[in-house]
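Peer 1: For the protein sequence lines, the chains are R and S, in the order given. Heads up: the first sequence begins at 1 in the working numbering, then just goes up one per residue. Heads up: the second sequence begins at 1 in the working numbering, then just goes up one per residue.
Hints were generated in silico from the structure; no laboratory data involved. The model shown is predicted, which means the values in this text are computed figures rather than measured ones. Glycine included, every Cβ here is placed at the ideal spot set by N, Cα and C. Accuracy of the hints is not assured; some may be wrong.
Stated by the list, open to error - Quick list of simulated restraints, FRET-style, between CB atoms:
no.: 1; chain 1: R; residue 1: R105; chain 2: S; residue 2: Q65; range: 47 to 57 angstroms
no.: 2; chain 1: S; residue 1: G181; chain 2: R; residue 2: L124; range: 52 to 62 angstroms
no.: 3; chain 1: S; residue 1: G117; chain 2: R; residue 2: R101; range: 52 to 62 angstroms
no.: 4; chain 1: R; residue 1: P104; chain 2: S; residue 2: G181; range: 45 to 55 angstroms
no.: 5; chain 1: R; residue 1: A167; chain 2: S; residue 2: A127; range: 23 to 33 angstroms
no.: 6; chain 1: R; residue 1: L126; chain 2: S; residue 2: T134; range: 21 to 31 angstroms
no.: 7; chain 1: S; residue 1: H59; chain 2: R; residue 2: L289; range: 44 to 54 angstroms
no.: 8; chain 1: R; residue 1: M252; chain 2: S; residue 2: D142; range: 24 to 34 angstroms
no.: 9; chain 1: S; residue 1: Q65; chain 2: R; residue 2: H294; range: 16 to 26 angstroms
no.: 10; chain 1: R; residue 1: M252; chain 2: S; residue 2: G14; range: 35 to 45 angstroms
What the hints assert, rightly or not - Derived list of chain S stretches under chain R, where covered just means 3 residues or more per stretch with a C-beta under 8 angstroms from a C-beta of chain R:
no.: 11; stretch: 68-81
no.: 12; stretch: 110-120
no.: 13; stretch: 197-208
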Amino acid sequence: MTFFLQNLVNALQWGSFYALIALGYSMVYGILMLFNFAHGDIFMVGAYIGFGVATGLTALAAMGMLALPNWVILVLTILISMFLTSFVGILVERLGYRPLRDAPRASAAITGLMIGIILETGNLALLGARRVSFPSLIDSVTYNFGGVYVTNKKIMIVAVSLALMAALHQFVSRTKWGMAMRAMAFDYVVVPLMGVPLNTIAALTFAIGSALAAAAGILFGVAYPVLDPYMGIVFGWKAFVAAILGGRGSIMGATLAGFLLGFIEIFVAMIFPSTLRDLIAYSIILLILVFRPHGFFGEAYSARLRL
Amino acid sequence: MALLQVDHMTHFFGGLRAVHDYNLSLEAGQIRGLIGPNGAGKTTVFNLLTGIHTPTEGHIHLDGQEITGKPPHRIASLGLARTFQNLCLWRHMTVLEHVKMARYSRISYGLIGAFFGTPKRHREEAAIEAKAHTLLQLVGIDHLADQVVVNLPYGAQRRVELARALAIEPKVLFLDEPTAGMNPEELVQMMEIIRRVHAEFDLAIYLIEHRLKMVMELCEVIQTLVFGEVVAEGPPEEIQTNPVVIEAYLGKEGVESSC
Numbered sequence: 001m002t003f004f005l006q007n008l009v010n011a012l013q014w015g016s017f018y019a020l021i022a023l024g025y026s027m028v029y030g031i032l033m034l035f036n037f038a039h040g041d042i043f044m045v046g047a048y049i050g051f052g053v054a055t056g057l058t059a060l061a062a063m064g065m066l067a068l069p070n071w072v073i074l075v076l077t078i079l080i081s082m083f084l085t086s087f088v089g090i091l092v093e094r095l096g097y098r099p100l101r102d103a104p105r106a107s108a109a110i111t112g113l114m115i116g117i118i119l120e121t122g123n124l125a126l127l128g129a130r131r132v133s134f135p136s137l138i139d140s141v142t143y144n145f146g147g148v149y150v151t152n153k154k155i156m157i158v159a160v161s162l163a164l165m166a167a168l169h170q171f172v173s174r175t176k177w178g179m180a181m182r183a184m185a186f187d188y189v190v191v192p193l194m195g196v197p198l199n200t201i202a203a204l205t206f207a208i209g210s211a212l213a214a215a216a217g218i219l220f221g222v223a224y225p226v227l228d229p230y231m232g233i234v235f236g237w238k239a240f241v242a243a244i245l246g247g248r249g250s251i252m253g254a255t256l257a258g259f260l261l262g263f264i265e266i267f268v269a270m271i272f273p274s275t276l277r278d279l280i281a282y283s284i285i286l287l288i289l290v291f292r293p294h295g296f297f298g299e300a301y302s303a304r305l306r307l
Numbered sequence: 001m002a003l004l005q006v007d008h009m010t011h012f013f014g015g016l017r018a019v020h021d022y023n024l025s026l027e028a029g030q031i032r033g034l035i036g037p038n039g040a041g042k043t044t045v046f047n048l049l050t051g052i053h054t055p056t057e058g059h060i061h062l063d064g065q066e067i068t069g070k071p072p073h074r075i076a077s078l079g080l081a082r083t084f085q086n087l088c089l090w091r092h093m094t095v096l097e098h099v100k101m102a103r104y105s106r107i108s109y110g111l112i113g114a115f116f117g118t119p120k121r122h123r124e125e126a127a128i129e130a131k132a133h134t135l136l137q138l139v140g141i142d143h144l145a146d147q148v149v150v151n152l153p154y155g156a157q158r159r160v161e162l163a164r165a166l167a168i169e170p171k172v173l174f175l176d177e178p179t180a181g182m183n184p185e186e187l188v189q190m191m192e193i194i195r196r197v198h199a200e201f202d203l204a205i206y207l208i209e210h211r212l213k214m215v216m217e218l219c220e221v222i223q224t225l226v227f228g229e230v231v232a233e234g235p236p237e238e239i240q241t242n243p244v245v246i247e248a249y250l251g252k253e254g255v256e257s258s259c
């Protein structure tokens, strides 16, 4: 039982990363009907921006110019990095996808892949092939709950992720921009005819998705403090799977599917040799999709534009 | 200049000339009709005027202001609203949310208001909801305000579209076959609603319709479009007897009498 609970805790942390990244995938897919295949790399860029911000802030603190406790620096790092990374998302939308809004979807998909490669290699050119280590801002404290070991970092990661997801849910259900996003997911063409600027909503969608990916990147850096320019690839693909599994444009779906993916991976690794983890885990996902091709919360839809 | 003035508008889709030298002067408070066989380009005219497509040539003025080539949300904000031939609703949103969405440009509370429920948000939300309920009453579906549109009968969905279009407080309202797929009873109700809406807001209405009874009864002036060109324009009685219209639109056999 403790063994199970221990893995559950690990799965929650692992699932948080997937869920945060999947949300950005799913929102863009739901609203603009395109897969932003550069999203995994935006997660990487977010982690690096977080690394830069955290390093800068700790340096300032070390020089005595910033008398702040480390946890405040971490919170600031998350907020500042989310803000900065959202502009990366806006830039990607503006330069990469907006000119292709009426182009075939394949063009947008290829563009996404190319932007991803540009971000990876750009990082490589800028910082070199050396891996960087994320500054350790909080000391690890381990709590023992009846044989289940939980670190303060794990609690923090899951709590921050859940808080961000709750904030996103509030944003989408309570603001006019969120309402426009929901409407666009159902019918893209009518929304501007109600006086809603399509481009603003599109940019905002990318900004929010990228900010969430940045948060995931920093939380990842806190848990696994080694960053490299290609860290976003596998995470991106897996989060993409979670977005599809959750159903097109469904925030609830992407969240649940992200966590589910974490659970399946961790529990498969618990039972089988870990080299078989992804093979078995993604066979299970494939099986789920056979029975629910539109994901958990998706519905059958047609992609045609109606006027 | 008329409220909605279109001069020499021509549009090509690739090599296909969809609309040719189209002119229109829609006066404030006027109801006009646009008829024509399937594929004549009626909906294309609507799409051009609402900014979904930009015309290849020509000029469009709304209330004295040039709107040619402006993005759809600008044109909508300047006072041009429309409904769609095939319903364009947001399936899993409620009727009330549809009307609220059309108030987008008038919602001024931001993030803080949304998250913390400031007095400003409460005030604005109350005003928007009051406005929405008034409109829903006007089209007779206020009792359905909290329903998700996908569950509504067809006639009610059409009314949701109409209420949503009215919520942007338009000066000009385009209706693209508002009675398509309706039974005779719903048709009569819809005509009644259109009359009511017209009287209430003193709107200029431009109507695409296949049911001649409706166009003839409602419209002061009717344009007939064939292959993207206006072949006849005039009051209903004149259009009804115009041989060009009868040949092109009604067929050579005689006037359609089914509805």
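Peer 1: Sort out which numbered hints this structure fails and list those numbers smallest first.
Peer 2: 1, 3, 4, 6, 9, 13
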